[in-house]
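Place chains B and C on chain A using the hints.
What follows is the residue order along each chain.
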Amino acid sequence: MTKPGTAAPAASPAQGTNAPGTGASDRPVFELLDVEKRFTVSRPAGFLKREKRSLAALDGVRLTVRRGASIALVGESGSGKSTLLRVLLGLAEPSDGKALYLGQPVKEVRAKSRDFARSVAMIYQDARASLDPRMTVSALIAEPLLHFGLCGREAVGERVAALLTRVGLPAEIAGRYPAALSGGQVRRVAIARALAAEPTVLIADEAVSGLDVSTQAQLLNLLRGLKREMGLTLLFITHDLGVASYLCEEIAIMYLGRIVETGPTDAVLSAPAHPYSLALRRAAPEFFAPITDPLEGEIPSPLDLPPGCRFATRCPFVEDDCRSAEPILAPVARGRTVACRHPLNAEDSPVSPQMPAPAVTHAVGSRPGEGAEVSA
Amino acid sequence: MTAPDAHQAAAGDALPLLAVEGLTLERGPSRILDGVSLTLGRGETLALVGESGAGKSTIAFALMGLIGKGEAKIAGRMRFDEVEDLVSLNERGWGRLRGRRIAMVFQDAGAALDPCYTVGGQLVSVLRRQLGLSRAKARERALELLEGVGINDAEARLSAYPHELSGGMQQRVMVAIALACNPELLLADEPTSALDVTIQAQIIRLILTEIRARGASCVFVLHDLALASQSCDKIVVLYAGQVMEAGPSRGILEHPRHPYTRLLKSCVLEIGTETLDPPEGGVPSYGDMPAGCRFATRCPNALPRCFAERPVLAAEGERLIACFNPEPRQ
Amino acid sequence: MAVSEASLDPSVVPAEKAAGTTKKPRRRSVFLRRPFFSLALLVALGFVVCAVFAPYIAPYDPTVQSIEAMMQPPGGAHLLGTDSFGKDILSRIIFGARYALTIGVFAVLIGACGGLVLGVAAGLSTGWLEWALMRLIDSILALPSLILAIAVIAILGQGVDKVILAVGISLVGPFSRTVRSDVLQVKAQLFIEAAHLMSIPRLTVIRRHILPNVFFPLLVQITVRISEAILVSSSLSFLGIGVSPPTPDWGLMIAEGRGFVSFAPWMSGMPGMALAILLVALAIVGDAVREEFDPKMKRAQ
Chain A
1 MTKPGTAAPA
11 ASPAQGTNAP
21 GTGASDRPVF
31 ELLDVEKRFT
41 VSRPAGFLKR
51 EKRSLAALDG
61 VRLTVRRGAS
71 IALVGESGSG
81 KSTLLRVLLG
91 LAEPSDGKAL
101 YLGQPVKEVR
111 AKSRDFARSV
121 AMIYQDARAS
131 LDPRMTVSAL
141 IAEPLLHFGL
151 CGREAVGERV
161 AALLTRVGLP
171 AEIAGRYPAA
181 LSGGQVRRVA
191 IARALAAEPT
201 VLIADEAVSG
211 LDVSTQAQLL
221 NLLRGLKREM
231 GLTLLFITHD
241 LGVASYLCEE
251 IAIMYLGRIV
261 ETGPTDAVLS
271 APAHPYSLAL
281 RRAAPEFFAP
291 ITDPLEGEIP
301 SPLDLPPGCR
311 FATRCPFVED
321 DCRSAEPILA
331 PVARGRTVAC
341 RHPLNAEDSP
351 VSPQMPAPAV
361 THAVGSRPGE
371 GAEVSA
Chain B
1 MTAPDAHQAA
11 AGDALPLLAV
21 EGLTLERGPS
31 RILDGVSLTL
41 GRGETLALVG
51 ESGAGKSTIA
61 FALMGLIGKG
71 EAKIAGRMRF
81 DEVEDLVSLN
91 ERGWGRLRGR
101 RIAMVFQDAG
111 AALDPCYTVG
121 GQLVSVLRRQ
131 LGLSRAKARE
141 RALELLEGVG
151 INDAEARLSA
161 YPHELSGGMQ
171 QRVMVAIALA
181 CNPELLLADE
191 PTSALDVTIQ
201 AQIIRLILTE
211 IRARGASCVF
221 VLHDLALASQ
231 SCDKIVVLYA
241 GQVMEAGPSR
251 GILEHPRHPY
261 TRLLKSCVLE
271 IGTETLDPPE
281 GGVPSYGDMP
291 AGCRFATRCP
301 NALPRCFAER
311 PVLAAEGERL
321 IACFNPEPRQ
Chain C
1 MAVSEASLDP
11 SVVPAEKAAG
21 TTKKPRRRSV
31 FLRRPFFSLA
41 LLVALGFVVC
51 AVFAPYIAPY
61 DPTVQSIEAM
71 MQPPGGAHLL
81 GTDSFGKDIL
91 SRIIFGARYA
101 LTIGVFAVLI
111 GACGGLVLGV
121 AAGLSTGWLE
131 WALMRLIDSI
141 LALPSLILAI
151 AVIAILGQGV
161 DKVILAVGIS
171 LVGPFSRTVR
181 SDVLQVKAQL
191 FIEAAHLMSI
201 PRLTVIRRHI
211 LPNVFFPLLV
221 QITVRISEAI
231 LVSSSLSFLG
241 IGVSPPTPDW
251 GLMIAEGRGF
261 VSFAPWMSGM
271 PGMALAILLV
281 ALAIVGDAVR
291 EEFDPKMKRA
301 Q
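Protein chains in written order, with full-length UniProt numbering: chain A, 1 to 376; chain B, 1 to 330; chain C, 1 to 301.
Here chain A stands alone, though its shape is the one from the complex:
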């Protein structure tokens, strides 16, 4: 646990308008305020000539992660999920906007103390590559324990054994190297290592993808149990809507560097408001359902963004005004926001009469902390 009290004075700009209590514990764990991340790429332009182009991997992303929330970040490859993750973890500095942890810029918090590193644990998609191949399982799990001074050297063996049991691994695995473990076991070791620091926030990047269904189910149950028992805040990056619905109460769907829809997972998946969410929902395999008309075309290159709504090129419900200006995340229903001019199922939702005209959308959207609010 970090010491929230010490961080309180600096936190004023981050206070979300939706957070009534001003106690430090109500402050969101993570807040992204209009985060933009641009990369400069050079590409050939004629013979021996290269032109420099700016590419926006993230564009005006707003996301609030409350303490104890579980959020699934869903999107296809190229949607900017990984960049968002790097910004959250302080591995990448946003080109514009702010990334805040408990009200302070992530970069500063990271530089100041180890608290951030201890409270925020990460599980990588490629678990095997995230473990040093020349360290045994017990050395790998002991590393964070010793680094954060969580126990003395004499108690390490016991703690490691306890953590291994916790993630459902037999104790004799402690002396093995990662190369000798199966895919499922390696993921469990990565989870044990992440838990060793007793974090409050767990960030997982496709932590269960590419595994057999029974192994995946075992891991999902493990993560669900850990979340419940330890009261973890969970940010789960996935492309699998089933995983998102099983593990997370809230969902944020990304497309081409923007969040296009947020809200409670069940509500969003049962009645998606954004056409892209609907397409994702339909593309997910379902028993005996005929394979539905998939989304046409492919995700455009972020170098050649279409004008207006960036989903307009593939959207089956596209209308003329979609191509003129980008829609901004705006509330559609209780706890739900969508970035679409003509959201689906709008008539069912109580907020629909106020479906804002572009100008209003802008006003609503520009208030920090409200855009991608996903209330727990």
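What the hints contain is simulated information worked out from the structure, not anything from laboratory work.
For every residue, glycine included, the Cβ atom is placed at its ideal position computed from N, Cα and C.
Each hint should be verified, as a subset may be incorrect.
A few chain C residues that face chain A, going by a derived Cβ cut-off under 7 angstroms, partial list only [said to hold, decoys possible]:
(1) L190
(2) F191
(3) A194
(4) L197
(5) M198
(6) S199
(7) I200
(8) H209
(9) P212
(10) N213
Chains B and C alone, transformed into the frame defined by chain A:
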């Protein structure tokens, strides 16, 4: 098989297009496939499903003749149309089948396409080699094929290198190459596991449409049961190289009778799934396999005899099932 | 994509042995699995034994000349014959193994130490320092090791210690290049980023995660490069600028026998054979060590 049988097969469709019987494959001390049998009729689609190590891809590679004689010991029978015995077929015989009558779509199209040649070059060379077309004819046909698999601006794509295409486009090109000679049997080894879900739906639909248009058969290797139920008529459930249950996909997936099929289905995560109840543990290594049913170590219904005696794959109605203690009939 | 990757090669069963199967498949001993390696190792060890116990094994003094026993063909009292001064070739080869192995091992150690320092520095540094170090490595690499060794000998003069130094310096280039590429490779790995995320100090990361991952490939490099060092040192002696006669050095012996090749071929042939056998044996041992201990290759088994 006797000669009249073969004749009959040529005349009508009394015989299935593909029949595999007791296919066993040993690599060193490990028996990777253990008595696999399956049949596939003309125009049918079949899904091989199971977890990793089940031998799904190995079956596909064996059907494509891609397992070298020195690499593994193969026993059993594989009959494809009038070719009686694929197991002992020599390389010349394979040359007449592979790519022409049996084609394959690989999982990782990016790795399966040659990075040094353009898409057009690879398609044209396949067409010229296999069908003996002239260069101009082959190019024309390549263009048609690319358009057929839904590639816009096919003319420009012909001169593109594989790395210049997205994963979905690469897989479309793979499909175009596989379909170039109108094969009777298409093997699709996890054709979409490297792709995004929306692209996955596109590719599966594409393969199914093309197969149906040509009246060809298709064997999919899949790990997603829901996807298998959506795309295939028949399903073969494999575990550690043994067939557990086989038959019409709807019947089997709606009412799985083999404990493994049931388990596999119970682990499938659909949107809105509330609880998962996966079994503990995993597939044992080949050294630790029981002599009987290989699933016995994890089976909730296991009887003592399951460990010692191998249940025979027996017909029950439309399906085949290898279990001493199956779930009750619905 | 692990699912399908594993299913492509079903011999790798990612069995989660959580169910408590304690039986581990016993692997056969390395020596049984790799007969060539065992043979090569025996040969290499034979040379080492010869080198260590040379005075006890050699039938004659390697430097004693005898006019009666001049240029005797192999067989009889002199198993491998004698040279133009009547020195016993077998004894000279046995003593020569001492020089060959000493020069090889120490030169490689010098090269490896220099290469480790230079390579790690080049791999970790950035900006102008990296540029400067890279140009330094490039300039060492630009010359073949033999030419470089000749240049160093020209500065230092002749003698066994000088040869060790010269050959060692000539190996710094290749070593530092491989070390640097290893460092760069390890630096880009995910587990380094994970350590960084954990706020582990940079120096600790280098000591705990980067160096061990670089050091092992370096050990493999050392076994592989010993043969190169021996070859370069023999070449120096053959050219007459390495060790000085009458030291029983193989390269020197080959050079001495060169004039008599037409009627006394054993004079050059025997030391040449010894050199060839040792180099081939070392190469096989080096390859086997690499394949056996490289964790990446091990996984593929």
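Results for each hint:
no.: 1; hint: L190; in the structure: holds, 4 angstroms
no.: 2; hint: F191; in the structure: holds, 5 angstroms
no.: 3; hint: A194; in the structure: holds, 5 angstroms
no.: 4; hint: L197; in the structure: holds, 6 angstroms
no.: 5; hint: M198; in the structure: holds, 5 angstroms
no.: 6; hint: S199; in the structure: holds, 4 angstroms
no.: 7; hint: I200; in the structure: holds, 6 angstroms
no.: 8; hint: H209; in the structure: holds, 5 angstroms
no.: 9; hint: P212; in the structure: holds, 5 angstroms
no.: 10; hint: N213; in the structure: holds, 6 angstroms
When held up to the earlier numbered hints, the structure conflicts with none and fits them all.
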